[in-house]
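J.: Chains as they are written, first to last, in our numbering: chain D, 15 to 111; chain G, 240 to 684.
What the hints contain is simulated information worked out from the structure, not anything from laboratory work. Treat each hint with caution, since some may be false.
With a straight-line Cα cutoff of 30 angstroms, these simulated DSSO-like cross-link-like pairs (lysine-lysine) come out [said to hold, decoys possible]:
#1 Lys17(D) <-> Lys43(D)
#2 Lys43(D) <-> Lys241(G)
#3 Lys589(G) <-> Lys578(G)
#4 Lys241(G) <-> Lys99(D)
#5 Lys241(G) <-> Lys98(D)
#6 Lys522(G) <-> Lys554(G)
#7 Lys626(G) <-> Lys99(D)
#8 Lys98(D) <-> Lys63(D)
#9 Lys420(G) <-> Lys334(G)
#10 Lys554(G) <-> Lys63(D)
#11 Lys589(G) <-> Lys522(G)
#12 Lys578(G) <-> Lys626(G)
#13 Lys241(G) <-> Lys17(D)
#14 Lys554(G) <-> Lys617(G)
#15 Lys626(G) <-> Lys554(G)
#16 Lys617(G) <-> Lys98(D)
#17 Lys523(G) <-> Lys63(D)
#18 Lys17(D) <-> Lys313(G)
#19 Lys578(G) <-> Lys617(G)
#20 Lys99(D) <-> Lys17(D)
#21 Lys43(D) <-> Lys522(G)
Anything over 10 angstroms on all C-beta distances counts as not near chain G; from chain D, calculated [unchecked claim]:
#22 Ser24
#23 Gln54
#24 Glu91
Idealized CB from N, CA, C, for every residue including glycine.
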Amino acid sequence: MVKLEFHDPSGALEVTHPHAPRLASLEGKRIGFISNEQWQAYRMLPLLKEMLEQDFPGITVLPIDAYPQGNALIGTEETAGLVKKSGVDAVIVGNAA
Amino acid sequence: MKNAVSGIGLAPDAAMVTFPIRMFLPGSDLTALAERKREFYDGLTSWRSSLVPAVNASPMLAVEGESYEEALVKANNLLLTNLWGDGLPLWPATKSRVDWILRGSALPREHVLGKFPPRGGITTIETCAIALAMAGGRPEYLPVLVAAVEACFDPANGFDQLQATSGAPFPAVIVNGPIGKQIRLNSGFGLLGPDPQRPAGASIGRALRLLQQNVGGALPGVGTMAIFGAMRYTNAVFAEDEEGLPPGWQPHATQRHGYAPGTNSVSVVFASGVTNVRRRGAKKESPEEDALNGMWRMADFMRAPNLAALAGWEKGTPGMMMLAPIVARRMAELGWTQKSIREFLWENSKIPMEQMRRAGAPAWIEIDANPVTRDSIKLDPWPICLKPDNIVLVVAGGGHPTHSYWLQAHSPSVQGRVIRVPETFERLLADADRDLGCGEDVCRV
Numbered sequence: 015m016v017k018l019e020f021h022d023p024s025g026a027l028e029v030t031h032p033h034a035p036r037l038a039s040l041e042g043k044r045i046g047f048i049s050n051e052q053w054q055a056y057r058m059l060p061l062l063k064e065m066l067e068q069d070f071p072g073i074t075v076l077p078i079d080a081y082p083q084g085n086a087l088i089g090t091e092e093t094a095g096l097v098k099k100s101g102v103d104a105v106i107v108g109n110a111a
Numbered sequence: 240m241k242n243a244v245s246g247i248g249l250a251p252d253a254a255m256v257t258f259p260i261r262m263f264l265p266g267s268d269l270t271a272l273a274e275r276k277r278e279f280y281d282g283l284t285s286w287r288s289s290l291v292p293a294v295n296a297s298p299m300l301a302v303e304g305e306s307y308e309e310a311l312v313k314a315n316n317l318l319l320t321n322l323w324g325d326g327l328p329l330w331p332a333t334k335s336r337v338d339w340i341l342r343g344s345a346l347p348r349e350h351v352l353g354k355f356p357p358r359g360g361i362t363t364i365e366t367c368a369i370a371l372a373m374a375g376g377r378p379e380y381l382p383v384l385v386a387a388v389e390a391c392f393d394p395a396n397g398f399d400q401l402q403a404t405s406g407a408p409f410p411a412v413i414v415n416g417p418i419g420k421q422i423r424l425n426s427g428f429g430l431l432g433p434d435p436q437r438p439a440g441a442s443i444g445r446a447l448r449l450l451q452q453n454v455g456g457a458l459p460g461v462g463t464m465a466i467f468g469a470m471r472y473t474n475a476v477f478a479e480d481e482e483g484l485p486p487g488w489q490p491h492a493t494q495r496h497g498y499a500p501g502t503n504s505v506s507v508v509f510a511s512g513v514t515n516v517r518r519r520g521a522k523k524e525s526p527e528e529d530a531l532n533g534m535w536r537m538a539d540f541m542r543a544p545n546l547a548a549l550a551g552w553e554k555g556t557p558g559m560m561m562l563a564p565i566v567a568r569r570m571a572e573l574g575w576t577q578k579s580i581r582e583f584l585w586e587n588s589k590i591p592m593e594q595m596r597r598a599g600a601p602a603w604i605e606i607d608a609n610p611v612t613r614d615s616i617k618l619d620p621w622p623i624c625l626k627p628d629n630i631v632l633v634v635a636g637g638g639h640p641t642h643s644y645w646l647q648a649h650s651p652s653v654q655g656r657v658i659r660v661p662e663t664f665e666r667l668l669a670d671a672d673r674d675l676g677c678g679e680d681v682c683r684v
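Let the hints inform the model, and build the full structure from the sequences given.
T.: Printed below as a string of C-alpha cells:
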C-alpha cells in the first residue's frame with residue numbers, strides 16, 4: 015500500500031469570543047434593526063417590526079432607520095457605538111443575498 | 240454569513256433565517272415572512288451554535304492506495320469532497336513538497352500575514368506554500384504569491400466584500416522588476432492565459448484563488464455570490480514588459496506606487512471583466528489617424544456605467560488598459576505620453592448624465608459610502624473616475640498592434656507591495672533552469 019499524507023489547506027481558525035447569549039424571552043425587551051437597505055429590507059424589516067409588536071407584550075422595537083443604514087455603514091465602530099448607546103437587548107441584521 | 244461571523248472571531252455559525260432568492264426581488268410576495276416568523280423569534284431566544292468553539296488545528300490528511308496513482312486519485316477526490324479543489328487536478332501538499340516550496344520564502348514558515356477574509360483563516364507563509372504546492376507551483380514563485388496576499392489584505396481594499404460580492408472581482412497582479420523574467424512570468428503573447436514556457440502566472444494565480452476559496456471561504460454560491468466568476472481558475476498574474484516600454488515611459492509600479500525602477504514589486508487591481516478592443520485601423524490610415532482612432536475605440540469601451548467601479552471612484556481605479564509594446568512605442572513616436580494617453584481616455588470616457596439617468600445609475604452613486612463619489616453626481620458628463628491618474632495603464636502583451644485589452648475594475652484601491660526574496664534566490668533560479676530548461680529569451684520558441 016502507498017500512503018500519501020498531505021496538509022489540510024483550509025488554514026486554522028481562531029475563535030476569540032463566543033456568540034452573544036440569547037434572551038430568555040422577547041416580552042418587555044428592546045429590539046433594533048441593522049439594515050443594509052438592500053434586498054427589500056425596506057419592506058421586510060417593517061413587517062418584522064409589526065409582528066414582533068403584535069406577538070410580544072411590552073416589547074419596544076426601534077424604527078428600521080434608528081441606526082445608519084447601508085453596507086458601508088453598518089459594520090463601522092460608530093454604528094456599533096450607537097447600537098450600544100440605544101440600550102437594545104438584541105438586534106436583527108438584514109438582508110443578505 | 241458564516242464566513243462573516245467567523246472572520247470576526249466567532250465560531251463559523253449564525254442564527255439565520257433563509258429564504259429563496261425570489262423573495263429578495265422587487266415586488267416579491269412576503270407571505271413567507273409571517274409564516275416563518277417563529278424562526279426569527281427563536282434566533283433571538285433559543286438558538287445555540289452547534290459547533291465546538293475552537294477550530295484551531297490544521298491537521299495532516301492521509302489516503303492509501305494500491306499504487307501511487309491510486310493514492311493520488313484518492314487525494315484529489317478527498318480534496319474535492321472537502322470543497323478544497325477547483326475541478327482541475329491538484330498536487331497534494333505533502334510535507335516534502337511544502338518544505339520544498341518554502342525554500343522560496345524570505346520569512347519564517349509560521350510568519351502570520353493576516354486573517355484571510357471573510358472567513359478569517361489564519362494565513363501564514365506555510366498556508367501560502369500549501370496552496371502553491373497544490374497549484375503546481377515552485378519555490379521561486381512564493382515571494383510573488385506572498386506579496387500579492389499582503390496587497391490583497393490591505394484594509395483599503397475591503398477585501399471581505401470583494402470576496403463575497405456577486406460581481407465576481409478577481410485579483411489582477413501586475414509584477415514589476417527583474418523577478419518577472421527570472422521566474423518565467425509572461426509579459427508577451429497570451430500573457431493572461433496558459434503558456435508552457437512561462438508557467439509561473441498560472442500557478443501563482445491558481446494558488447491565490449485556492450487561498451481565497453479554502454482559507455478565505457469564497458466557495459461559489461456559499462461564500463462568494465459571484466454570479467459568473469470569470470478568470471477565477473487562475474486570476475491574472477503577469478509581468479509588465481519593462482523592456483518594451485518606450486523611452487521615457489515609467490514602469491507601472493513607479494507611476495502608481497513610487498517604487499524605483501528595477502524594484503521587484505506587485506500591484507493588485509481587482510478586475511471584474513476582460514474586454515478585447517480592436518484598436519488597429521483596417522484601410523489606409525496615416526500613423527496619426529491609426530493612433531487616434533484606436534484611442535477613441537478604447538475610450539468608447541471605457542465609457543460604460545460600470546457601477547462596481549464606484550467603489551474605487553476616488554482612490555481606486557475604473558480599470559486597467561493594456562497596451563501591447565509595439566503600440567506603446569508607435570504612440571510614443573507620435574508624441575503620446577503615459578500622461579496624455581490617460582488624459583485622453585479619461586476625458587473621452589465621460590458619460591452624459593442623461594445616459595446615466597436612463598440606466599438608473601445615479602441611484603447607485605447616491606447610496607455610495609464615499610461623499611466624494613456621491614458629489615460626483617453633479618458632474619455632467621460624468622467621469623468614470625476622479626482623475627486621469629486613477630486609470631491603470633500597463634505595457635504588456637504580444638508583439639502585435641491590432642488589439643488592446645481593457646480590464647474593467649471593482650477595485651476600491653490599487654495596492655503595491657515590494658517582493659522579498661530569500662538570500663538563496665539565485666540557487667532557486669538555477670534549479671528552475673535545471674528542471675525546466677534554460678529560461679533566457681534566446682532559449683525560447
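J.: All the hints need checking, so say for each whether the structure fits it.
T.: Each hint, compared with the structure:
1. Lys17(D) <-> Lys43(D): Distance ~58 angstroms between Lys17(D) and Lys43(D) Cα, so the pair is violated.
2. Lys43(D) <-> Lys241(G): holds, 26 angstroms
3. Lys589(G) <-> Lys578(G): holds, 17 angstroms
4. Lys241(G) <-> Lys99(D): holds, 27 angstroms
5. Lys241(G) <-> Lys98(D): Holds. Lys241(G) to Lys98(D) sits at ~23 angstroms (cutoff 30 angstroms).
6. Lys522(G) <-> Lys554(G): Violated. Lys522(G) to Lys554(G) sits at ~40 angstroms, over the 30 angstroms cutoff.
7. Lys626(G) <-> Lys99(D): This hinted pair is violated, its Cα atoms lying about 40 angstroms apart.
8. Lys98(D) <-> Lys63(D): holds, 19 angstroms
9. Lys420(G) <-> Lys334(G): Distance of about 29 angstroms is within 30 angstroms: holds.
10. Lys554(G) <-> Lys63(D): violated, 39 angstroms
11. Lys589(G) <-> Lys522(G): holds, 29 angstroms
12. Lys578(G) <-> Lys626(G): holds, 11 angstroms
13. Lys241(G) <-> Lys17(D): violated, 34 angstroms
14. Lys554(G) <-> Lys617(G): holds, 19 angstroms
15. Lys626(G) <-> Lys554(G): holds, 9 angstroms
16. Lys617(G) <-> Lys98(D): violated, 37 angstroms
17. Lys523(G) <-> Lys63(D): Given pair Lys523(G), Lys63(D) is violated - Cα atoms ~70 angstroms apart, limit 30 angstroms.
18. Lys17(D) <-> Lys313(G): At roughly 11 angstroms apart (the allowed maximum being 30 angstroms), Lys313(G) and Lys17(D) satisfy the hint.
19. Lys578(G) <-> Lys617(G): holds, 26 angstroms
20. Lys99(D) <-> Lys17(D): Distance ~58 angstroms between Lys99(D) and Lys17(D) Cα, so the pair is violated.
21. Lys43(D) <-> Lys522(G): violated, 76 angstroms
22. Ser24: At about 5 angstroms from chain G, Ser24(D) fails to clear the 10 angstroms cut-off, so the statement is violated.
23. Gln54: It is violated; Gln54(D) is separated from chain G by about 5 angstroms at its closest Cβ, not greater than 10 angstroms.
24. Glu91: It holds; Glu91(D) is separated from chain G by about 12 angstroms at its closest Cβ, greater than 10 angstroms.
Hint violations for this structure: numbers 1, 6, 7, 10, 13, 16, 17, 20, 21, 22, 23, all remaining hints satisfied.
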